[in-house]
Each structure stands twice: as structure tokens, then as C-alpha cells.
Amino acid sequence: MKIKLDILRQENSTSEPYRQTVIFETEDINATVATALTEINNNPNIKDTEGNRVKPILWECSCLQKKCGACAMIINSKPQLACNAQLKDYAKKGTVTIEPLKKFPVVADLIVDRTIMRDNLTNMKIWFNSQTKADETVSDIMYESSRCLQCGCCLEVCPNFYVGSEFTGMAAAVPTARIISAVPEEQKKEIRTEYKKHIYNGCGKSLACRDVCPAGIDIDKLLVRSNAAAIWGRKIGGKKKK
Amino acid sequence: MNRINIIGAGLAGLSAAITLSENGALCNLISLQQSERAQSVLAEGGINGALNTMGEDDNVENHFNDTMKGGCFMADPNAVDGLTKNAPKVIRWLESLGVPFNTNDGEIILRNFGGQKKKRTAYARSSTGKIIMSAVIDEARKYEFSGNIIRYSHHEFVKLLIENNTCVGVRIKDTYTDKISDFKGIVILASGGLNGIFPGMTTGTTQNNGDVTATVFSQGVAFGNLEMLQYHPTTIGISGKRCLVTEAARGEGGRLYIERNGEKWYFMEEKYPELKNLMPRDVVAREMFFVRRDEKCGDTVYLDMTDLPEDIWKNKLSDLREEIIHYLAIDPKTEPIPVKEGIHYFMGGIDTDEYHCTNIKNLYAVGECTCQYHGANRLGGNSMLGAIYGGKVAAETIVSKLDKNSAFDDTIPEFTNITDEPLTDEASPVCIQEISDVLLSGLGIVRSERELIKSLELLNTLENKHEYNLREQNRITLAKAMLMSALQRKESRGAHYREDYPEKDEHFRKTAVAKIVNKNVVISYRELPERRANPNEN
Ligand SMILES: Cc1cc2nc3c(=O)[nH]c(=O)nc-3n(C[C@H](O)[C@H](O)[C@H](O)COP(=O)(O)OP(=O)(O)OC[C@H]3O[C@@H](n4cnc5c(N)ncnc54)[C@H](O)[C@@H]3O)c2cc1C
Ligand code: SF4
Ligand code: SF4
Ligand code: FES
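Taken in order, these protein sequences are the chains called S and W. When we follow numbering that gives the first Met the number 0, the leftmost residue of the first sequence carries the number 0, and every step to the right adds one. When we follow numbering that gives the first Met the number 0, the leftmost residue of the second sequence carries the number 0, and every step to the right adds one.
If we strip away everything but chain S, and leave its shape as in the complex, we get (with noise of 0.2 Å):
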């Protein structure tokens, strides 16, 4: 398989962006966009389609197996995981595009900086002030709830979504939901509270964010679980299992 790959490239967070074009051959039909760029890093003389040297694409990954969020990236105009990316799903095409996210500042390369999602988290106050537990009706929720990756895919594509706006998006809505549903009585005006001003006034609802969770996570449910228990004051889960 031969494919063209073009990679929106920066050197610093204050420098110019330039396109850089590589050819990447491979006889592994499963490579993905991971693959590619792991490979090209590792090869010292690779050559642009300018005959210009490569220098070492930064990136960041960790699992390579799409459970860790690191490797969020843009591919083809789709915010997705270049872990999960194959490139026979491009081969026809023959090209590839690789950009950073662009909800985010760049730091160099396919690197930017993710930290307000975590400032976020912290700001909502997004923990359990007191020990909980999940009991049976709460258990799928609070598991759906705990899968989310922090890549940032969903705040990429949501209209509503900027750094340093006061919705914090799908990223903080999901971990939100885990506390939602398990809040000791103490907590629970001022999770509600919080939820409302950054997540519920905030969300057009059109959903977006849920085509392009990597990690596939049941968005839409979770929301009508957090607004009837945010909003509405409805008990989280009510039907029994058994």
C-alpha cells in the first residue's frame, strides 16, 4: 500500500504552520495513521515529496489500542484517533490529511494543549465529597460514565465548545454524569447547580459530539439521565435490573 500523507505542520506555538507531504509505503494492510507516523519518526532519511529531510513529527500517543485519548488528531477532516485510523480506508483516495485539533492551542505539530479540560473538571468541582456507592440501578450509568477518554473529538466538532467558554462541552458532560448519578444528598444542589450553568444552558442538543466519540459512548443517554436528575430532580436510573 502506498499512500500520500499531508501533514499540517508547526514548529512552535508561536510559529508559522507549513504542509508537509510524505509518501509512506508499507506492506502491513492494517497500518494505521499511528503506524505511519511512528514509522517515518523512526526512519532518518526519509525525504518529503520535495526531497526536503523530515524532521520528527511530534505527536503524542500512549496505548496504540484507541483507550487512552491521547492520539486525538484530525484525519481527513474528522476529529478522530490516529490509533484507529487505517489507512485502507484512505487507500482509494490515495491521501491522507493529518492536522492538529484546532479547538485547542497547537504546542508544535499534531500536539495541543488539552489542559482546560481538566480545569474544567476542577472548576465543576467534579468529584464525590463524600463516600457513595454504586448501587445496581446507577451501575451502567456510572460505567458509561467512567469511559471517557479525554481526547477532546467532541469538543472539535461542538458549535457551542471554545477554550475558555463557560459550556465546557461533552468532555465534562460525561464525567459529570458519573457524579450525577451517585451524588451524596449534601452535594446534590451544588453538582445541579454546576451542571446547569456549564452544560445544560449551554447544549444545543444537536448532538454532534456523539458521531464522533472514539469511544462510542451512549451520549445521548447519559444526557437525558443527567437532565432528569439536574433539572427535573427525577431519582437517576429508577428501573431495577432484575
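Hints may contain errors.
[What the hints assert, rightly or not] Simulated crosslink set (DSSO-like; lysine-lysine; CA at most 27 Å straight-line): (1) W:K172 x S:K54; (2) S:K124 x W:K88; (3) S:K132 x W:K172; (4) S:K102 x W:K172; (5) S:K132 x W:K88; (6) S:K87 x W:K339; (7) W:K315 x S:K220; (8) S:K196 x W:K141; (9) W:K118 x S:K132; (10) S:K132 x W:K84; (11) S:K132 x W:K503; (12) S:K87 x W:K117; (13) W:K295 x W:K313; (14) S:K204 x S:K124; (15) W:K141 x S:K195; (16) S:K220 x W:K313; (17) S:K187 x W:K313; (18) S:K54 x W:K178; (19) W:K141 x S:K188; (20) S:K124 x W:K332; (21) S:K234 x W:K313.
Calculated from the structure, these hints are not laboratory results.
Keeping the supplied structure of chain S fixed, place chain W with the ligands upon it in accordance with the hints.
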């Protein structure tokens, strides 16, 4: 008094940070990437503790015995005593943080896991590590808000600051700006396993690049049992790594075979008629190695799951099937898949006592980067436990020694471009691969003096081939220590199998301690302590 510095924000680092905070101490939590990216999120199977919820009369003494036996009596019995006694408490703590463990009538279900006689492993479907991490990250967040914990989540360990055999701080680099800072104070290392020493060959993350361990080894920190690598028999090669095929695949009826004279030979079933494909991990991995080496056989072992009933695929192994189709383009329901052993866990690591103190004063180590708890082989489900419990013990040890009358100095250190020595370059991928190739040739599943000496010679040749930067040199030194540890252990025990010494030798039931003395790697053996009659209740 300075903030305590924790390097690594996986389960072990988080546990230490939370325990310090609960005790009013302040810390810096430093990691290359944020906690959501740590290897701890990959754990699938579960976490062990004798909760005795399955009506099997289990107790902590059984857990102690299984752990010691699994580790071939090479672990510190007093440390294991504390680990197993506190395991139920650790799981109850996680439950109180809202971890949705699988339950039945409100009580945690425990499952069987390799090497344990009773059901003792709590789990949250097939992503136990991820689900536990989300809860523990939220708990740490509480103390980030209160200022007890300050996160540095794109920061790299550069080196320890050591004066007169005492750790006085750590130098770290902001990877976003390349600026550095010297953080003064006590240091806890929680930097995970040595994956990066074996690129593409482990089931873990690329983030644990091995630089921390290689650097501190060259700085004089002592290591234990470096020869003990756990291979998992069933992994599949995916781009850049080995991907674990859970033991459940065999538990539910998957069969291993190799082609012999044009026919499928289900070798495990023939050789071990009783337990068949469910023999312990190290035995399976070794047999796979032997049949592949046999001339009459092909060179690929397959895992055949084509006879599994529909409901198992649907209810128990659906994630696995999806993963295999995605990465291998093979549907395991209709076609056997090629499997090979992959490095899954590092039992060896920084040498600590049961309180997680290292040989350097004010330096502690916890989690997979240490050699604590697992001896010559780790039981599945004991490592997350060891990471959480170890983090807690180290933090408590530190708190017990703090001067209660002195306050924490809360100036935030500055990052600058100015250093007394230039930052070293990263190790080059070519060099990393060369070292890995040499190591793998000596530290495979089956080892021998001949192969180990050959590997050491290759490493010497490599060392003299050209100039290396500091990180590369450190890797070579650590590699030497690993090979020497394996060469000098002239017996077979746990994960260490010597074809030339296939039996256990009681004389070697000791911790192999590797250290740099006058620039040379020296291996010595330390006796294991006796189990105290009344080990500390803590
Ligand atoms: C596929 C898989 C399945 C597993 N399943 C189980 C299971 O079912 N049960 C079980 O008990 N165990 C399991 N394990 C093992 C278990 O996950 C680990 O042993 C455990 O999570 C280790 O935790 P830790 O905190 O020590 O390290 P990690 O979680 O690896 O964290 C290491 C930390 O160190 C940081 N770090 C590394 N290098 C640097 C550096 N140079 N500078 C700064 N920071 C650095 C990283 O950023 C990270 O934050 C499994 C492992 C794998 C790979
Ligand atoms: S539903 Fe729409 S507005 Fe709401 S978080 Fe998703 S993308 Fe954003
Ligand atoms: S909700 Fe999905 S897309 Fe958004 S951060 Fe979490 S895992 Fe990523
Ligand atoms: S590297 Fe972890 S999700 Fe891609």
C-alpha cells in the same frame, strides 16, 4: 519543608498523592502525559482481594499463600502480608469512590484468575483499569482544587538530585516549552514498567519509555530481580505493539495448535491432559516456544476459537472479537488467529523495602517500576492492588517521618532555560531497537548461558560501535544489568527459565540486587526476610 514530588500519575502515583493529601501533606504530581493516558487504564481483568463474597471460605491468608507461591517464594513476606491483609480495604475504598464493580444483589462478584485457588478478583466488565482510574482521578481532583496536589502533566523526568546518598529533589522538563526546573524535596518514583526498553514487544504503553528507570539506575539506585519478565502467551501483533488476547479466550474454550506434518497439533492438550490450554501463563508460553523450535512444526502457533458457541461470542467475548477483526482483519469466530508471546509485566525494578524506601535516603518507589510484591511471577489482578497499596504505604511512611512543626513552603518553582548542563537528546529509535534486539535474544522465554553470554558480547560490541548520548548509554548499562541478572541466576524459577538449569535451586531464593559500583554493574544476592510473627497491622 518542600512539597513531595511524585513522578508518574498512574494508579501508584495517584494513590500516593491522595494519601499524602488526606494526611495534610502537599505534593507535585508529575507525569509525561495526563492520568487518562497512563498504562493503568489498560488493565482489563480485575483486582484481587479476599472479600470472601462467593461462599468459598476465602481469607487473607489464602491470598497471602497464593501470592507467595505464585512468586515462587521470592517476594518479601512481610510486604505481601500487608498487601493481602489490606486488599479488601483497598477494594472497599474503590467501591466508596463509586467504582461500579460487577455485583450480585449489591455484593461484589469475584471471579477466578490464574494461579489462585479461590474466586478473588473484583472486576468492572472488561475495563476494570479504566473504570477504577476514572474514580481515582476524580478523587485526586478534590485535592487539586484544595491545592494539596499540583499537577504537572506534560513534564518529563530528567534526573534525580542526589547529595551524599540522599535525594534532595528532581529535575523536570516542561515538554511544551523545553524549560526545566529543579523541584526540591522528597521524591516518589511511580513511573511504571520498562516497556520502552522493548519497543513493539510489550502489551503496555509507549509512554513508559524506560528513561526514568535507566537514568536512576545509572545514578546509583539499586534494582532487584531484573531478570523477571512476565510473558503473556497469547498476544497478537498490532501496529507498534502486542495486543493482549485475554486469558478468558482459552477459559471459554479456545485451543492452541501448531501445524505438524500438515496437520493441526493441539500440543497443550496432548502434553497436559488435565489442564490442557489452561496451564499457567509461563508454562503455555514456554511450550509455544518449544513447539515452534521443533523442526517438524510450522513457525506460527494459532489460537482456535472457531468452536465457541454463539452465546459466548455475544455475551462474553464480543469486545475481543471486534478488536481482532479490527486489527487483524480476521474473524476469530470463523478462522484461527496467529498468536505469540508478548512481554506483559515487569516483576523486577527498583529495589525497595516493605515501606517502599530505596537505597537512597528520601527516595521512594511504588507501582510497576519497583520489584515489590510479585517475586518471580505476578498473579493477574495483584498489580493494580500493589500499585494502589504501595502508593499508600510510601505516602504513610513519608508522613510518619515529617516534622509536624514545620510548614510546607509553598513557592511554585520557576521553569527556565538556564541549566548547569545541557539537556540530553532522546535516545535514537535505531539505538533503542538495537538494544532491544540484543536483550530479546538473551531474555526470551527460554534462556541459557550460551545465549546470555552471546547477548552480553553483542551488547559490548554495540557499546564500542560509536558514541552514544547519555540516555543511550544509560539504556546500555541497564540492559547489561538485566542480562547479568539472568546469567547469574543459575536456576529456573517463575518467569526465569534456564534450559541449562531447569530446576529450582534453594540457594538462589534471594533477591538479585543490581547496582552500579565504580561505574561497573555488580549483581549481588540479598537474603529474604523471615515473615514476622505479628506483622504490622496497617
Ligand atoms: C493490557 C494490560 C492488561 C492488564 N491487566 C491487569 C489486570 O487485569 N489486573 C492488574 O492488577 N493489572 C493489570 N495490568 C498491569 C497494571 O495495569 C499495571 O501494572 C499498573 O497499572 C501499573 O501502575 P503504575 O501506576 O505503576 O504505572 P502506570 O499506570 O504505567 O503509570 C506510569 C506513570 O509514569 C509516568 N511516566 C513514565 N515515564 C515518565 C517520564 N520519563 N517522565 C515523567 N513521567 C513518566 C507516566 O506518564 C504515567 O503517568 C495490565 C497491564 C496491561 C498492559
Ligand atoms: S449536543 Fe451539540 S452542543 Fe451539545 S455538546 Fe454535543 S455537539 Fe456540543
Ligand atoms: S466524550 Fe467521547 S469524544 Fe468526548 S472526550 Fe470523552 S471519549 Fe472523547
Ligand atoms: S494512543 Fe491511546 S488512543 Fe491512540
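Here is what the structure says about each hint:
1. W:K172 x S:K54: Holds, at roughly 21 Å.
2. S:K124 x W:K88: 26 Å, holds
3. S:K132 x W:K172: 39 Å, violated
4. S:K102 x W:K172: Roughly 25 Å separates the two Cα atoms, so the pair holds.
5. S:K132 x W:K88: OK: S:K132 and W:K88 at ~15 Å, within 27 Å.
6. S:K87 x W:K339: Satisfied, since the Cα-Cα distance of roughly 25 Å is no more than 27 Å.
7. W:K315 x S:K220: 23 Å, holds
8. S:K196 x W:K141: 20 Å, holds
9. W:K118 x S:K132: 22 Å, holds
10. S:K132 x W:K84: 22 Å, holds
11. S:K132 x W:K503: 46 Å, violated
12. S:K87 x W:K117: Distance of about 46 Å is beyond 27 Å: violated.
13. W:K295 x W:K313: Roughly 37 Å between the alpha carbons, so the hint for W:K295 and W:K313 is violated.
14. S:K204 x S:K124: This hinted pair holds, its Cα atoms lying about 23 Å apart.
15. W:K141 x S:K195: 20 Å, holds
16. S:K220 x W:K313: Measuring from Cα to Cα gives roughly 22 Å; hence the hint holds.
17. S:K187 x W:K313: 38 Å, violated
18. S:K54 x W:K178: Within the cut-off at roughly 21 Å; holds.
19. W:K141 x S:K188: 17 Å, holds
20. S:K124 x W:K332: 46 Å, violated
21. S:K234 x W:K313: 31 Å, violated
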